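Participant: What follows is the residue order along each chain.
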Amino acid sequence: MTTNTAKIIAKDLEMRFEDKHLFSASKLVFEQNRVIHLQGDNGCGKTTLMKLLAGFYQPTKGKIYAEGFAIAPWWRSNSITGKALYLHQHPYLFEGSVLYNLTYPQRFLTADKAQLQARTEQAIDKAQLRHLLNQAASSLSGGEKQRLAIARAWIIQPKLLMLDEPTSNMDKHSQHLVLQMITDLKQQGTGMLISSHQTCMLTKVCDHAWLVSDKTITTDNVSTLKDTEPTQVELAPALQVSAG
Amino acid sequence: MNEGWLALIQQALSLLFSLDPEVWSIISVSFAVSFAALAITLLPSMVLGFLLAFTRFPGRWLVTNLIQTLQSIPTVVIGLLVYLLLTRMGPLGDLKWLFTQKGMILGQMLICAPVLVAMSQAAFTSVDRRAWETSRTLGAPKLSAIWAVCRELKVPLLLAIVAAFSRILTEIGCSMMVGGNIAGVTRNIPTAIALETSKGDFAQAIALGLVLLVLALILNFALGTLRGKAEPRSH
Ligand SMILES: Nc1ncnc2c1ncn2[C@@H]1O[C@H](COP(=O)(O)OP(=O)(O)OP(=O)(O)O)[C@@H](O)[C@H]1O
Ligand SMILES: [Mg+2]
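Chains A and D, in that order, are what the protein sequence lines are.
Residues 1 to 244 (my numbering) are what the first sequence spells out, left to right.
Residues 1 to 235 (my numbering) are what the second sequence spells out, left to right.
No wet-lab data here; the hints were simulated from the structure.
In this text, all values refer to a predicted model and were calculated from it rather than measured experimentally.
Positions of the beta carbon are idealized from the N, C-alpha and C atoms, including for glycine.
There is no bait here: all hints are sound.
Residues from chain A shown here face chain D by an in silico Cβ test under 7 Å; the list is partial: (1) 85; (2) 86; (3) 92; (4) 95; (5) 108.
Taking lysine-lysine and the DSBU-like style, the derived pairs with C-alpha atoms no more than 35 Å apart in a straight line are: (6) D:142 / A:113; (7) A:215 / D:142; (8) D:142 / A:126; (9) D:142 / A:63; (10) A:51 / D:154; (11) A:20 / D:142; (12) A:126 / A:51; (13) D:154 / A:126; (14) A:51 / D:142; (15) A:63 / A:51; (16) A:27 / A:63; (17) D:142 / A:11.
Sequences and hints are given; from them, build the entire structure.
Facilitator: If you want it as C-alpha cells, here you go:
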C-alpha cells in the first residue's frame, strides 16, 4: 500500500434515517486496486452506504474522508463529493443526445483533450453506442442507459468507482460489454465497489467482499467465495470490523 | 355593424403600422416598465425558489405559504399598498416615486416576485435528485451542478418567467393607481385601453389590445414547441 493510493475512509460510521438504524462500521477503507463486492439483502442499506461514500449524505455519526487525491484549489470545497464516482442503479441521463451525455463530464477534467477524444471513440465502440449517438438519451432502453453510464465512467477513468446493481437491467450481451470495460478499469487500477444481492457476471471480477447484515458491515477477503451462494457467504470466515 | 367593425380594425392596424407616436409611446412604456420589474426580480426570486425547495430552515413553511398568498392578492390591493408607501406622507414619500415609472416598477416587482418564487420553487421541487447527484459525482463544482439542474428544468422555469411577465404586462390595477395614467410618462397598454374605451375611441384600444394578443400568441406558441420537445420521462 503506497501512501498515494487514493482512498476513502469511513471511521466509526453509523447511519440512521430518523429512528431507523441502518448500519454501523468501525472502519471501512475503499481504495484503488481493489474490487469489492457489496452484498446484502434488499433494504439493508447498500445504496445508502454508496451515497455516503459519494458524499451525498452525511453519516449520523463518525466521519468519512478522502486520502491520496489532488488537493482542490482554495476556491473549491474539498468535500468528498466527486472523488468516488457513483453510478445509480437507474442511471440519470441529462436532456440531450447520447453524445452530449457521454462527453458531459469532460468539461470538468483537466486531462488532455485529444486523449479524452480518443478514449471517447474507444468507449463508443466498447459499449456499442455508435448507432445511438445522436438519439435523445431519454429514449434509450434500460440496458443501453446502463451501458452509456458505464462508458462515461470508463472515459473518465476514475480512481474510485461505485456501481449500484449494474446488471439489473442488462441482458447477457450488455453484461458482457460492461464486463469488458470493468475489467479494463480494474487493470488500470480503479478501485471499485459493486453492489448486487446475488452473484453475477460482474461480481466475478471482485476480489473482496463487504457484507451488510444485522446492521453491521463485515469486510473480508472473498477470493475463496467466488461463485458461492449468498447464503454461504455469511458463513465464510469474516473479519468483523463493525462496532455492532 | 360589420362594416363598423371592419373599419375599426383597419384604423387600429393603420395606427400600429403607421408607427403612430402616441400608440408606440404607450407600448414602449409598458415594455420598459415590465421588463425592468422582471429583470430586477428574476434572479433573486429564482434563488429564493431554489432555497425554498432545497434547504430546510425555521420559517420555511411560513414563507412558502406567504408567497402563495401574495400570488393571489388582487393587483389593486398591491397598488393601494404601494400608493400608501409612496404618497407624500408615506414612509417612502421622500423618493417622490408616486406617478412615475419607478413607482410602477416597484408595484410590478411586488406582483411578479411571488409568481416567480412560487413557480420556480415548484419546478425545483419536481427535479429528480439524481440530476444533482449525477452532475456532482461526475466532478461538477456546485455552481455547475446548479446550472445542470436548471438546464433540466428549462421548460418549467421558462413557464414561470412567461407567467410572471404576462401577469405584470397585463395588470391594470396597480399601474392605474401608482402610475396615474399620465400620457407619455406612465400611460401603459392596459391603462390606455381602459381610458380610450371609456372615451369611445375604440380604434386605439383595439390596436393596443392586438399588441397584447399577438405577444400572448408568440409566447405561448414558443413555449408550446419547447414543451413538445420535452418528453415525459420514465426510468
Ligand atoms: N432518504 C431516505 N429517508 C428515509 N429512509 C430511507 C432513505 N433512503 C433510504 N431509506 C431507507 O433505508 C433503507 C435502505 O435503503 P437502501 O436503498 O440503501 O437499500 P439497498 O440495500 O440499496 O436495497 P436494494 O437492494 O433494494 O437496492 C430502506 O429501508 C429505505 O427505506
Ligand atoms: Mg439499492
